[in-house]
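Each chain is listed here by its residues.
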Amino acid sequence: MSDDAPINVVGLNHWFGAGEARKQALFDIDLKVARGSLTVLMGPSGSGKTTVLTLMGCLRDLQDGSINLLGHELMGAGTALNEALRRRLGFIFQAHNLHGSLTAMQNVQMGLQVHRLDDPKAEQEAARHALSLLGLSDRLDYLPANLSGGQKQRVAVARALVGNPDIVFADEPTAALDKESGLNVVAMLRKLGQKRGTTTVMVTHDNRILELADRIVTLEDGRIVSDRMVNPSV
Amino acid sequence: MNRLLQWLFGRLPIGWLQLTHSRTRFAAAIAGVAFANVLVFVQLGIMNSMATATLKPYEFFTADIMISASDANSLTEGGNVARQWLFQAQADPEVTLGTGIFVGNTSWPRPTKTLGLTSFGIDPTLPDFLSPVLKPKLATLQLSDSGILDMATRGLPPEEAAAIRPQTPASFEVTGKTLTLYDTFQGGGGFGGDGYLIMSDQTFLSLYPARRSAAPDHILLKVAPGADPETVSARLRELISDKSLRIRSYAQAKADDLKYQQTKRPTGIIFGFGVIIGVLVGIVIVYQVLSTDVADHLSEYATFKAMGYPQKFFLGIVFEEALILAVFGFVPGVIVGTGLLAGMKKATNLPLAMTWDMAVIVLIGTLVACSLSGAIATRRLAAADPADLF
Ligand SMILES: Nc1ncnc2c1ncn2[C@@H]1O[C@H](COP(=O)(O)OP(=O)(O)OP(=O)(O)O)[C@@H](O)[C@H]1O
Ligand SMILES: [Mg+2]
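In order, the protein sequence lines correspond to chains S and C.
When we follow my numbering, the leftmost residue of the first sequence carries the number 1, and every step to the right adds one.
When we follow my numbering, the leftmost residue of the second sequence carries the number 1001, and every step to the right adds one.
If you're looking for bench data, these hints aren't it; they were derived computationally from the structure.
Please read all numbers here as calculations on a predicted model, not as lab measurements.
Check each hint, because a few of them may be wrong.
As the list claims (entries may be wrong) - Sample of chain C residues facing chain S (criterion: CB under 7 Å; computed from the structure):
1. 1017
2. 1018
3. 1300
4. 1303
5. 1387
All residues carry an ideal CB built from backbone N, CA and C; glycine is no exception.
Put together the whole structure using the sequences plus the hints.
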């Protein structure tokens, strides 16, 4: 692995709660992720997968240890750096979190407007293209309330990918999808890795997806218990 | 609307889409803002009319300096002033002319209702102290026991007021004497009396035998062209030996009266409070609407935050909503407020009306109140980690 790894986690600890209720969720995590790779995080419920993901994705302040993300140290990072880094990431959450007042198109456009390109035509074109890749060409003007669970999740995927992120973080993105579209989404992420060098870190319980992974990291009780390269070509 | 807002903000008009997503809630929010606007308009209208009504009688006269008793907070209040001070004041080289005016209340018993008229007795040989509107009517006042009446007197039907002409005068009994009204002038009802009545000082003294010509209610002075009324007033305060007198420029006397009516008299204080309460109700309504809206969209906002949108983006959404609520609430607010004030004017004959200043002040006030509430509503969002909001 080269030293320009987009993600480099060293000695990461994390606690939740305060006083008596304070509980350590992560213990001394070290993890270096290679550019363009697809890493899968596995482990039982409550093992700390989401916590690791949100810390790597600048969605939580670091408490102890270090994460170097795209060349920037996250420990003690200020609001401005956090925001700038977040704009280079794509998130696909367990809950789709689409904005209920915006159409599928508009939701995807939000993934672009954060870059302030000020080119509405190009934005709409890109949003339309992203949705068509996910098979939603005929649902552009639907509000989330009128979409099925799987369709909503695919809109969320389009929104995460439309801005050409350097890294995609996905937390059980395929949970709401049927077998075929779930595999499609992951295959898409893999292709992006090969074509554009997009790095993906994904939490999943889905065995079918493991076959597409380059690396499988398993957490238990806040500790990494296994770290396997399954696709040595990367 | 969508396109206009998109062009205006350079992004999707999320605030607009969010607000209009639930039409009933949007309508309720607009109604709330409009209601607060109406509240403020009515109170402001009354405040304004009080100012107009307070200053109205000052318009009947033109003077540079006014000398009043220490307890005379307005034209119609307080004790009288000895005429000797008029003579003393005239010793000042820059005082060119002076007169005393008398103020009283005259009752005109009419079949339906007795009208209370605020009456002024003036010297008909000194036209310089009268407003241009009254000056041409001076000749009438030189007839004994004659008066001219405010045609806007409350309780007097306009056609009857219009019928009062030199050829067809109206008369009524005052303290056993007959007062004849030969003409009318444009006055305007106040909070005190139903209307105004102007007569000569001789007529006044004959109707009110207890009053003495040597003790008018106020003394009015004119100064030489180019002289500063303030400077001359200051000099007169030195010159005149009764230090309890209020010797002020006419403009200052007006301003003092207005301030007194608005801050010392219960009515003024109550209407002032009314304005504040209207503003508070407005802020509470808008804050309620915006903070509920932010709370309802917290997880969506958290997602935007996770995508790298800065705090000012959310402030922008909430300000957009505040702006929309302010403008949409303002329009019906102005319409209803104008109607209400017009109706109240009809009922009370007070100078109540929607004015441009009022409308502009209320619009700006609404925008500020809405934006302020919006800013407060987004504070919780600023403090939280996106991961804790999903
Ligand atoms: N916001 C929070 N406050 C307090 N404790 C938390 C919080 N988030 C997570 N935890 C705790 O931290 C531990 C790790 O949680 P985490 O959500 O990272 O697990 P996970 O591996 O993603 O589980 P799952 O598969 O159920 O999503 C758990 O014990 C959980 O109870
Ligand atoms: Mg989880």
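Quiz item: Checked against the structure, which of the hints given earlier come out wrong?
Solution: The structure conflicts with no hint, since it agrees with every one listed earlier.
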